[in-house]
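*Asks:* These are the residues of each chain, in order.
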Amino acid sequence: MTSAPISNGTAIPLSEVPALPFPDFQEFIVEACGDDHRLVALFAGQDLEGFAVLASGAGPVLRVVRTTIPAAGFPSITPRCPEAHLFEREIAEQRGLKIFGHPWFKPVRYHRALGTPRDAWDRTAPIQPGVAPFYRVEGRQVHEVGVGPVHAGVIEPGHFRFQCSGETVFNLEIALGYQHRGIERTLAGGPHRSTLKHMETASGDTTIGHLWAHCLAMEGLLDLEVPLRANLIRAVALELERLANHTGDLGAIAGDVGFLPTMSYCGRLRGDWLNMTAALCGSRLGRDLLKPGGVRFDVDAARVEDLRGRLEATAADTLNAVDLIWHTPSVLARLEGTGRVIPAQAKNIGLVGPAGRACGLDRDVRRAHPFGPFQEAAIPGVNEDMGDVAARARVRAQEIQSSVEFLRWALDVLRALPPGPIEVQAPRALPPDHLALGMTEGWRGEVVHLAVTDGDGRFSRYKIVDPSFHNWTGLALALRGEEISDFPLCNKSFNLSYCGFDL
Amino acid sequence: MLKILASRLRQGHRTNAFPEEVPPMPDRFRGLPELPGEPCPGGCRACVDACPTEAIGEGPRITLDLGRCLFCTACTDACPEHTLRFTDEFRLATRAREDLLAAPGEAYRVAGALEAKALALFGRSLKLRVVSAGGCNGCEVDVNVLGTIGWDLGRFGIQVVASPRHADAVLICGPVTRNMELALAKTLAATPDPKLVIAVGACAISGGPYRDQEEQLCGAVGAGIPVDLFIPGCPPHPLTILDGLLRLLDRVK
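Order-wise, the sequence lines are chains A and B. Letter 466 of the first sequence, counting from 1, is numbered 466 in our numbering, and no numbers are missing. Letter 77 of the second sequence, counting from 1, is numbered 77 in our numbering, and no numbers are missing.
A couple of the hints might just be wrong.
25 Å max Cα-Cα, derived DMTMM-like pairs, lysine to aspartate or glutamate [unchecked claim]:
no., chain 1, residue 1, chain 2, residue 2
1, A, 347, A, 486
2, B, 253, B, 81
3, B, 186, A, 173
4, A, 106, B, 181
5, B, 195, B, 228
6, A, 291, B, 81
7, B, 117, B, 250
8, A, 291, B, 77
9, B, 3, A, 323
10, B, 3, A, 272
11, A, 291, B, 21
12, A, 347, A, 362
13, A, 291, A, 362
14, B, 253, B, 49
15, A, 291, B, 49
16, B, 195, B, 106
17, B, 3, A, 256
18, A, 106, B, 214
19, B, 186, A, 144
20, B, 3, A, 336
21, B, 253, B, 181
22, A, 98, A, 167
23, A, 98, A, 144
24, B, 127, B, 168
Here are some of the chain B residues that sit facing chain A, going by a computed Cβ distance under 8 Å [unchecked claim]:
no., residue
25, 9
26, 119
27, 132
28, 235
Bear in mind the hints are in silico, worked out from the structure with no lab data behind them. Note that the structure is a prediction, hence the values are computed from the model and not measured. Glycine included, each C-beta is placed from N, C-alpha and C at the ideal position.
Chain A with its partners taken away, still in its complex shape:
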């Protein structure tokens, strides 16, 4: 038994998680990823306790192992397991550890190591974001373009460094960290009074996705059975979040190729979806709807009727607006073949969410590790594999359809359900020395929350993996060989989170 099984929304005692010698821990990850597994999380806690969580295509149960990481640093597994590349850099930055043989050993978020004077890069001067060597292409006709951190639109900050020959991009390197707010640092010792707010705003456009993942971890720790009614309301909110953002993204993709009808209609329709979330809880982004143990707002019969009517009207308008894309050859010509990530690369770097599904990777937490009502209502898979902007757009269009169908089902079940409780009381104290896993499928993909408790029942480590953590590398790969003028289009087709990455 080299690993312990763990299911989404459950907790296990730390004593049940095998503690492997560090070399065995690394070999376990490399072998499992070479097999049919993928790396869901790899992180280090206080006292250099390391954890790895892996998922396979075979079933809903994940595998977890732990180890003690050598303080003197360690050899990188990234050359043999590329999907570990950012996880390793993160461990180096957070714990001040050197990693040997990493192909691109740079900081991730540009902050000092947590609770130790060690520094992986021996920096003594104040740390400035983006200040580190960038990948450089040399040559008489090669030039460099730097963009950001402040961008032209209303968008979060990040720095993009292109190596170009004329219009053609040889390489794009993305430097983030500008949004770093220290969320994981503060969670150690928690939960605190501000914890739920930090969860809601870890990536504020994924309020439901992140807070539900946190709730799943907490409910696993506290062994809470959430009422069906509350879980249905959560699922309605999660799919409304997906609909709003997918609609907005398709509009933005249309806008970036100058196709104004879909852009204009989708911009407004995104608001109609957000207003349905506001009908649930008063906030367009779903703030304050969820809490560990249930939800704060009930949905009575009149509200179900109202939402059901708005669902049909908004869905019909959305499908009409999106449909124009597929019937306009000049738009399709701009989307097809642009910003391609080839499926083998996508698998190597561990793409998740719509970007992964556009490369043929059937990764969807709702299907693979179902939580709440997704255990009853199967979400259909999508079938795209071109990995280009068109495929990422098609995946979103198909998911709009399946989310609408899910909402019809969920609202009908909610209507038939007799009134009942929407929460169970959550005790204050968490069990000591446990590990809990909460995963949801946010609109950008897999949202992972891992809580490790200490002997006093406080978090000794709380790890958040936003889908953007995996997927920014996908955007960098998508730009290779593209024209630099297609960067905005490629960027919109991924629409990744900066703050969710920076945490």
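Given chain A, put chain B in place with the hints provided.
*Replies:* Only chain B this time, still in chain A's reference frame:
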């Protein structure tokens, strides 16, 4: 082409009529708070203890600092007497930081127009440069939405521009992370004088839920940037943001 025309007919004209008409707000919207006028029985301070941002002031009467308030339900859920509640009043923007303090029995001092000289400059054309400085993309998306056809910010002469060189005002979201301090300072320096600064959201006004984090500066105010318009919320409703901008330009009274 015919499909596009048919779609155009179907989708119609949907720009809301604000400020002539106020679009309907959700019934669970949380706006300006209504505070108990009397001291709470038994020295109850349940709401004070529940607030995640210490927005509720202690004293003989309860006060609420909307610059810190996340408009969450922590205080109203904790209040045993249900004397504390949020109304649907969305007009919340102010010109001064201290005006964000809501107190029982006192009228809330919502934002007034710019001074005559500034109004002459910006009243008919206000170009905004938006800087997210640690924002969670909540305030950002609800500022961005004002540019869609549902709101059509352009009809008021207000527009988001790509460069600070073209801007009259810098709109700041987020608690101002240390990692954005330099970029924000450079953006402000690149914006020609006279310029306005607009702080949108609890983070940009006070650090919001991140006010205790050493990784940030407690917003534009904490970073020492003079602010001309404060728009509270987490995030503020687009209507609150638009109302604030139009008040500044004397388009709404």
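*Asks:* Now look at each hint and say whether the structure bears it out.
*Replies:* Here is what the structure says about each hint:
{"no.": "1", "hint": "A:347 / A:486", "in the structure": "24 Å, holds"}
{"no.": "2", "hint": "B:253 / B:81", "in the structure": "35 Å, violated"}
{"no.": "3", "hint": "B:186 / A:173", "in the structure": "23 Å, holds"}
{"no.": "4", "hint": "A:106 / B:181", "in the structure": "22 Å, holds"}
{"no.": "5", "hint": "B:195 / B:228", "in the structure": "9 Å, holds"}
{"no.": "6", "hint": "A:291 / B:81", "in the structure": "22 Å, holds"}
{"no.": "7", "hint": "B:117 / B:250", "in the structure": "13 Å, holds"}
{"no.": "8", "hint": "A:291 / B:77", "in the structure": "12 Å, holds"}
{"no.": "9", "hint": "B:3 / A:323", "in the structure": "9 Å, holds"}
{"no.": "10", "hint": "B:3 / A:272", "in the structure": "23 Å, holds"}
{"no.": "11", "hint": "A:291 / B:21", "in the structure": "36 Å, violated"}
{"no.": "12", "hint": "A:347 / A:362", "in the structure": "11 Å, holds"}
{"no.": "13", "hint": "A:291 / A:362", "in the structure": "30 Å, violated"}
{"no.": "14", "hint": "B:253 / B:49", "in the structure": "37 Å, violated"}
{"no.": "15", "hint": "A:291 / B:49", "in the structure": "18 Å, holds"}
{"no.": "16", "hint": "B:195 / B:106", "in the structure": "32 Å, violated"}
{"no.": "17", "hint": "B:3 / A:256", "in the structure": "21 Å, holds"}
{"no.": "18", "hint": "A:106 / B:214", "in the structure": "23 Å, holds"}
{"no.": "19", "hint": "B:186 / A:144", "in the structure": "22 Å, holds"}
{"no.": "20", "hint": "B:3 / A:336", "in the structure": "21 Å, holds"}
{"no.": "21", "hint": "B:253 / B:181", "in the structure": "35 Å, violated"}
{"no.": "22", "hint": "A:98 / A:167", "in the structure": "37 Å, violated"}
{"no.": "23", "hint": "A:98 / A:144", "in the structure": "30 Å, violated"}
{"no.": "24", "hint": "B:127 / B:168", "in the structure": "5 Å, holds"}
{"no.": "25", "hint": "9", "in the structure": "11 Å, violated"}
{"no.": "26", "hint": "119", "in the structure": "25 Å, violated"}
{"no.": "27", "hint": "132", "in the structure": "5 Å, holds"}
{"no.": "28", "hint": "235", "in the structure": "7 Å, holds"}
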